[in-house]
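Asker: The residues making up each chain are set out below.
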Amino acid sequence: MNPPFWKKFFGPGLIGSLSATPFLLLMLFGFVAPLLCVVWFGLMPPKTFELLQAPTLENYRTIFEQTYFKSILWSLALAVATVIILLIICYPLAFAIAKIFRGGGYFITYAIVTSLFVSENIRLFGWVIGFMKNGVVGGTLAKYFDIQIDSLLYNIPVIILGMVYVYLPFMLFPLVLGIKMIPDPVREAAFDMGANRWQVFRKIDLPLSMPGVMIGSLLVFVLSIGAISEAKILGGQKVVTIASDIETEFTYAQNWPLGSALSTVFIALTMVVVFLTLSRFDLEKLLGKKSS
Amino acid sequence: MIVTRTQKAGFSLYAGLLLLVFYFPVFCIIVASLSERRFFSFPYPAEMMTTKWYENAIDSPQVADFVGISLRIAGLTAVVSVIIGFFSALAYARYRWKGRKTFQRLVLLPLFFPQSVLGLALLMWYNFLNITPAWWTAAIAHTVWIAPITTLIISIQAYGLDESLEEAARDMGASRWQILTKITIPLLMPAMISATCFAILLSWGNFALSLFTTGADSALPEWLYARMTTGYQPLVPAVGVLSVMVAVVFVIILFGIISWTNRKSRKSIASH
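Chains as they are written, first to last, in numbering that gives the first Met the number 0: chain A, 0 to 291; chain B, 0 to 271.
By construction, these hints were calculated from the structure, which means they are not laboratory data.
Yeah, the Cβ is synthetic: ideal placement off N, Cα and C, and Gly gets one too.
Just to be clear, a hint being listed does not mean it is correct.
[Stated by the list, open to error] Derived, one-sided and incomplete: chain B residues facing chain A with beta-carbon distance under 10 Å:
| id | residue |
| --- | --- |
| 1 | Val2 |
| 2 | Phe26 |
| 3 | Ile28 |
| 4 | Ile29 |
| 5 | Phe39 |
| 6 | Ile83 |
| 7 | Lys97 |
| 8 | Asn126 |
| 9 | Ile199 |
Produce the complete structure using the sequences and hints provided.
Answerer: This is the structure:
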């Protein structure tokens, strides 16, 4: 007897797409449609709030004629610096958590995960209190070491410190997952055959933990290129990033179409980087599923 | 792996130093929140320590408003994103279907997307739809970002789901609804509870998405940001510390659940 047609209808394939439907609807109406809206709004004449006018490329001309490329370059430079510094800081720690520590590894993991749940503004504000004139650092130096220093805030290194600080967990945990994938026997074999520590790092550790390195770098890159608070809270007005340029167009300047065009350029730039990286390896490996 | 004692000590020292630097700002905020002076300077004498800013913060109806809005956003976000995350985790990890590989990549997309731009995009979309932004529109924004995270959290457990249990129930004549409520949901319950905690925590601390999508209702991180950029106010560190304490309570619940499920699964493996 043939199974009734509805049984076939509820077969394994359909139940999968049915379960995916709520999520797909959320993405359609909460992600795809708003982004299309941004792209379309970028083509509207400047300083309007209406979406139904003849499209024009005027905003893009403004972007390329004025100095917006400067803030794009600043954002890129800050993001790249953050990624590189975090790779150097986090790799040894991730290695220790994945391969050396036992109970201590959990402690560090919990201590760092907890910080993720505190609003980044509050954590950045802690640095402001630490570094401002007569703050925790300045006050301590003046009282106990008799060194007078002015405020350490409002410069570029402090902005980078803020970004490194806020995005550290996003680099650390992918690295831990990546380094856990390195099989110990391979490392031991290399050592037995006379490889030195640097050779093992270059030829074994780094290539085998590459998925973690890539995911961590990508996450940090995307998060820090869109960062607003660090440059504002710690940097004063020293550097204008693309994200705060966009924010200005939407708030003080009230020029939504120009802000949208800027966002479109920014999204396109970010997406190119993300897709180039994501297309290069299999994500399922990192979630613990052996490739089927 | 074999490591010498000095190597281990070196790594421990490094980790300890990093943690100290990591918690330095938190220490600074606590110190500042207890200082009586209106303009903070360090170090201050011990008799100037006070809890009055905490009392002010708790008594302030304005702060209570922002907390209420943040809680409402976090609650709605958590409920919706866990329900959506439950089903999409099944699609992600459990069922074989045609679009699965693409779906798995799609899930990650909102996470790899700058949040402030997503918030702006939603603002324009609401404007286009003639919706006035309010706390619930911010909850939608948070859900777009948090539902992928809940999906991933529940997926990790769904990968370990014993398919034979569902099949056995089906063979014994259980309906799809019965399998869902009697087998699948109870088995994935620990992951769903952790996902709920994650969702509440991430929504509670989120600023970039709320900035553009809350409209006239302001969430707590937005209020703090506005106060921070306009000069020092002693109320800000106090509210900051209080907000951290709320988060810590949820973190303790979350870690309790995680270690409880780990112990349980280890026991069940041992008993097999």
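Asker: Hint by hint, note whether the structure agrees.
Answerer: Hint-by-hint comparison with the structure:
Annotation: Val2 (chain B) was flagged as interfacial toward chain A, and the flag holds, the nearest CB pair being 6 Å apart, inside 10 Å. The criterion of a C-beta within 10 Å of any C-beta in chain A is met by Phe26 (chain B), whose closest approach is roughly 8 Å, and the hint holds. Because the smallest distance between the Cβ of Ile28 (chain B) and any Cβ of chain A comes to about 5 Å, under 10 Å, the interface hint for this residue holds. The beta carbon of Ile29 (chain B) is positioned within 10 Å of a beta carbon in chain A (closest approach about 9 Å), and the interface hint is therefore held.
Satisfaction of the interface hint for Phe39 (chain B) is found here, the shortest Cβ-Cβ separation to chain A being roughly 7 Å, below the 10 Å cut-off. Interface restraint check: Ile83 (chain B) against chain A, minimum CB-CB distance 5 Å, threshold 10 Å, status holds. For Lys97 (chain B), the interface hint holds, since its Cβ comes within 10 Å of a Cβ in chain A; the closest pair sits about 6 Å apart. Here the hint on Asn126 (chain B) is kept, as its CB sits about 7 Å from the closest CB of chain A, short of 10 Å.
For the restraint placing Ile199 (chain B) at the interface with chain A, the shortest Cβ-Cβ distance is roughly 9 Å, inside the 10 Å limit, so the hint holds.
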